[in-house]
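Residue numbers (our numbering), protein chains in the order written: chain R, 1 to 612; chain V, 1 to 245.
Among the hints, a few may not be true.
Unchecked claim - Some chain R residues judged to face chain V by a derived CB distance under 8 Å, without partners named: (1) K12; (2) Y305; (3) A599; (4) G600.
Said to hold, decoys possible - Non-contacting residues of chain R with respect to chain V, defined by C-beta distances greater than 12 Å in every case (computed): (5) E7; (6) R18; (7) L206; (8) L227; (9) D258; (10) L313; (11) G383; (12) D432; (13) T491; (14) R512; (15) E522; (16) G524; (17) A551; (18) V590; (19) N593.
What the hints assert, rightly or not - The calculated lysine-lysine pairs, modelled on DSBU-like cross-linking and capped at a C-alpha distance of 35 Å, are: (20) K479/R x K589/R; (21) K147/V x K359/R; (22) K73/V x K335/R; (23) K122/V x K73/V; (24) K62/V x K159/V; (25) K124/R x K149/V; (26) K12/R x K73/V; (27) K149/V x K444/R; (28) K206/V x K62/V; (29) K187/V x K405/R; (30) K29/R x K180/V; (31) K12/R x K206/V; (32) K85/R x K118/V; (33) K122/V x K85/R; (34) K85/R x K95/V; (35) K85/R x K148/V; (36) K3/R x K92/V; (37) K12/R x K159/V; (38) K206/V x K335/R; (39) K148/V x K488/R; (40) K148/V x K12/R.
Honestly, the hints are just simulated from the structure, not real lab data.
Cβ coordinates follow ideal geometry from the N, Cα and C atoms, glycine included.
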Amino acid sequence: MEKLQIENLLYKVEKPARYLGNELNSVHKTVNEDTIRFAFCFPDVYEVGMSHLGMQILYGLLNNEENIFCERVFAPAIDMEEEMKKNNIPLFGLESRQSIRNFDFIGFTLQYELSYSNILNMLKMADVPIYSKDRGNNDPLVIVGGPCVYNSEPIADFVDIAILGEAEEVLIEVTDLYNNFNKGNYDKLEFLKKAALIQGVYVPALYVVEYNEDNTVKSINPKFENLPKTIRKRVINNLDDSFYPEELIVPYLDIVHDRIMMEIFRGCIRGCRFCQAGIIYRPVREKSFDRLQNIVKNLVLNTGYDEISLASLSTSDYSELEKLVRHLIDEYGSKKIGISLPSLRLDNFSLQLIEEIQKVRKTGLTFAPEAGTQRLRDVINKGITEEDLVNASENAFSSGWSNVKLYFMIGLPTETDEDLLGIKDLAYTVIDKYYEVPKEKRGKRLNVTVSASTFVPKPFTPFQWEPQITLDEINEKHKLLVSEVRHKNITFNYHESRTSFLEAVFAKGDRRLSKVIEIAVEEGCKFDGWIEHFDYDKWMNVFEKAGIDPAFYANRRREYDEIFPWDHIDVGVSKEFLIRENKNAKAEKVTANCRTSCAGCGVNQIFTGGVC
Amino acid sequence: MITVRSRFYKEGDMVFISHLDLIRVFERAVRRANIPVAYTQGFNPRPIMAFATALSVGVASKGEYIDIQLSDKVDADTFMESLNNSLPEGLKLIKSVIIDSKEKSLMSVISSSTYIMKLESKEPDSKEQIEEYIKQFLKQESIIQLKKKKNKSRRKNKKPEFREINIKPMIKSIDVFDVKGNEIILKMHLAAGSESNLKPEVVIYKICELTDISIESDSTRIQRLDLFKEKEGKYITPIDNINTI
């Protein structure tokens, strides 16, 4: 395959370092006849995609296989896309600068629904037919994974293979199968039928969806008898035995998360009812202190980063957190390598620990109460009390912090104006705590950032039956908050409501939406997650053209007995549990975390290795 | 404290990384190489290093300079070797010396820079013709560049304000090296540093504006040859004639 000449383009575009492909620890291989070429595509710009830990893990894992060459592909920025079109340069793998048109696999990670338009746009840039049915034996296989894959129906028609769950094992099983097929007479359909028998592999084309007259789903059935009726996700039993990269690609550019990312555990014991990650990544599995100690040693050596971030859904729930943090401070503090602990919970974090971390490198503090009143926090099962927040901020202010971020969601089920005003009350209480600290003890210039995002009901959560509130209602809530939360120490941010609406449509959408995405991309929609590129009116026109009502997906309350477009997918958590949790939410009843008592979600009936 | 001054080149793919990227590359390379670098105090400690000037993205250089402060004594050659082992292809130290810590900073001593540049004209021109254009250009009493003023007010959408700068005194010389078909090779000597700084791309832009020369602006390629300080009327590099330890 010919290497594309892109150098002249690099002189014309912004941030050309996005397209170099030779960063530290990137992998370059000599290709031969037996090499399986894998394009790992992240449907957003470089700086976003490179911050994604999953890509770094799978890139390392695939390239560890001698016969696989995995390369990265990001969505070229608008200016680069234009230059590529002008110069007839197709989408290429960063490492080889070769067109991905003739690769064996084109993989996309589905991190958020608003990237779907970019996926199609990238396939088009690669000159690959967008529909699975139009790709034959000589075309690449389009394979997807990531959190949105649990309801990948809106893009199912474009996809050949969806990987459900953790990909470390199943991805290799798929490439091995492909390798065997490739040695004989490769036939795409035969390959897919075989692949669909691997646990964790979902081949949308092998399943038929029927609809009721009211547009809800009537049934989802496999086309062939030997295929499973429901497709179960995969999990890694023992994370200590599982692959983890000891080299991370270190970018030249300043990316969103520019640090060592060390995953400490998967899953979450909390069960917040709005949170999809908290359900789909169950059960909880930790990496041992010893394994982490080894990984971090090599990562520090191989990257030269000055910060280590402990990645998980709820860092303070790691059972050996204190031991781990002390080890990191002792070992790396003198080398000025700092530690960041995202996803800390208010109720159990040790401020003393944080203070020690701060001695190396100072970071901000972020709290996520999510809702303004205790009633609503009970509805969403965010087991945090006002007292937790008050204590945490009191402690933080007396140790010198003066910058605090508070995250909230609006539009949560059962929310009233009183709950919204609770956001204000909570923020003002935090401010009071600051001024109660003697002047000489507290930091200067208090700034409390209050951020409000819009609730998007997601599949496989106890709130999957709930409607998203309408745009008008969202805007009313924004107005109320803007007029009420006025304080010189508060910066108030809220999230653009119209992107949240589109997110809700695709999160709970079905296969009929593929038409909508196809037309939208034809009309130029892309980078919908970027407010400067998102064109709401265009999207609404496209829905009209396709004869599809977006509110049917986003704003409709669904009954417990409705068949969901994702009901043939099994994440290990039972629907009965989710219904029970939905009822508990309405009764404002809190469910204890998994360590305190088992709530019977069902995941331990299927998978082992967790705390439950 | 020990300060190591090094001369390095930036070429190949490395011309596409920005000055801020370059700082990060050096910081991480120094850490990977286990060089005992000194750190700044404060909440966000950084390795103490200083560059001579920033290079625009897309410009290559044979003569860049960096001062790195160390907390322990390291032999200059060992330093150079171990740092080179961890720098990416396209960045390489070619000379390192340990200098007196009282030595003035690179940024404050640099006053000029030489560049070699390749331009592509739309129509083939003779060398004489190009020389004539340059002569015309340099004959101007003043050459005015409009420079956007930094927006100091907090209003984001304020109309940008411009100030006029006469760049004529910042041009020390422009020589036509070679003209072959559509390819024009120029050498320029321009002011560089904290006092006055003139980017070579600005000079090209003004030449195009003020003479009849016509070039494909996207095809211009620039390489810095070296940076100089002035001492007794002579141009010397910041690593020559210096007290080393």
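Taking the hints in turn, this is what the structure says about them:
1. At about 6 Å, the closest approach between the beta carbon of K12/R and any beta carbon in chain V falls short of 8 Å, and the interface hint on this residue holds.
2. Restraint check, Y305/R versus chain V: the minimum CB separation of about 7 Å is within 8 Å; hint holds.
3. Restraint check, A599/R versus chain V: the minimum CB separation of about 42 Å is more than 8 Å; hint violated.
4. For G600/R, the suggested interface contact is broken, since its CB lies about 47 Å from the closest CB of chain V, more than 8 Å.
5. At the 12 Å boundary, the C-beta of E7/R falls inside the reach of chain V, the nearest C-beta of that chain being 9 Å off.
6. Not every CB of chain V lies more than 12 Å from the CB of R18/R, the least distance being 9 Å, so the non-interface label is violated.
7. For L206/R, the shortest C-beta to C-beta distance to chain V comes to about 44 Å, beyond the 12 Å cut-off, and the non-interface label holds.
8. Every CB of chain V lies more than 12 Å from the CB of L227/R, the least distance being 48 Å, so the non-interface label holds.
9. Listed as outside the interface, D258/R is inconsistent with that label: its C-beta sits roughly 8 Å from the nearest C-beta of chain V, within the 12 Å cut-off.
10. Look at L313/R: its CB is around 27 Å from the nearest CB on chain V, clear of 12 Å, so calling it non-interface holds up.
11. Every CB of chain V is more than 12 Å from the CB of G383/R (nearest about 33 Å), matching its label as outside the interface.
12. Under the 12 Å C-beta cut-off, the non-interface status given to D432/R relative to chain V holds; the minimum distance is some 26 Å.
13. Against the 12 Å criterion, T491/R stays outside the reach of chain V, whose nearest CB is about 14 Å from its own CB.
14. The Cβ of R512/R sits about 42 Å from the closest Cβ of chain V, beyond the 12 Å cut-off, so the non-interface label holds.
15. For E522/R, the condition that its CB be more than 12 Å from all CB atoms of chain V holds, with the nearest at approximately 30 Å.
16. With 12 Å as the threshold on Cβ separation, the claim that G524/R sits away from chain V holds: the shortest Cβ distance comes to roughly 25 Å.
17. Chain V leaves A551/R outside its interface by the beta-carbon criterion, the shortest separation being 35 Å against a cut-off of 12 Å.
18. The non-interface label for V590/R is consistent with chain V: the shortest C-beta to C-beta separation is roughly 39 Å, beyond 12 Å.
19. Non-interface call for N593/R relative to chain V: holds, since the shortest CB-CB distance, roughly 34 Å, exceeds 12 Å.
20. For the hint linking K479/R to K589/R, the alpha-carbon distance of about 30 Å falls within 35 Å, and the restraint holds.
21. Taking the CA atoms of K147/V and K359/R, the gap is about 43 Å. The hint is violated against a cut of 35 Å.
22. Our distance criterion of 35 Å between C-alpha atoms is met by K73/V and K335/R, whose separation comes to about 17 Å.
23. Pair hint K122/V plus K73/V does not hold up; C-alpha atoms about 55 Å apart against a cutoff of 35 Å.
24. For the proposed pair K62/V and K159/V, the alpha carbon gap of about 39 Å is over 35 Å, so the pair is violated.
25. Note on K124/R and K149/V: the hinted pairing is violated, with a Cα-Cα distance of about 42 Å set against a maximum of 35 Å.
26. At roughly 44 Å between alpha-carbon atoms, K12/R and K73/V are farther apart than 35 Å, so this suggested pair is violated.
27. Between K149/V and K444/R the alpha-carbon distance is near 31 Å, which keeps this suggested pair within the 35 Å criterion.
28. Note on K206/V and K62/V: the hinted pairing holds, with a Cα-Cα distance of about 25 Å set against a maximum of 35 Å.
29. Restraint check for K187/V and K405/R: not satisfied, since their Cα atoms lie roughly 53 Å apart, outside the 35 Å limit.
30. Simply put, K29/R and K180/V have alpha-carbon atoms about 39 Å apart, too far for the 35 Å limit, and the pair is violated.
31. In summary, the hint linking K12/R to K206/V is supported, as the alpha carbons are separated by about 20 Å, within the 35 Å threshold.
32. Distance check on the hinted pair: K85/R and K118/V sit about 26 Å apart at the alpha-carbon level, within 35 Å; holds.
33. At most 35 Å may separate the alpha-carbon atoms for a hinted pair to count; K122/V and K85/R meet this at roughly 23 Å.
34. Restraint check: the Cα-Cα separation between K85/R and K95/V comes to about 43 Å, which exceeds 35 Å; the hinted pair is violated.
35. Taken as a hint, the K85/R and K148/V pair is honoured in the structure, with Cα atoms around 32 Å apart against an allowance of 35 Å.
36. At most 35 Å may separate the alpha-carbon atoms for a hinted pair to count; K3/R and K92/V meet this at roughly 26 Å.
37. About 26 Å separates the Cα atoms of K12/R and K159/V, which keeps this hinted pair within 35 Å; it holds.
38. Taken as a hint, the K206/V and K335/R pair is broken in the structure, with Cα atoms around 49 Å apart against an allowance of 35 Å.
39. Pair hint K148/V plus K488/R holds up; C-alpha atoms about 32 Å apart against a cutoff of 35 Å.
40. Using a Cα cut-off of 35 Å, the hinted pair K148/V and K12/R holds, with the two alpha carbons roughly 22 Å apart.
Figure legend: structure checked against the earlier numbered hints; hints not met, in rising order: 3, 4, 5, 6, 9, 21, 23, 24, 25, 26, 29, 30, 34 and 38.
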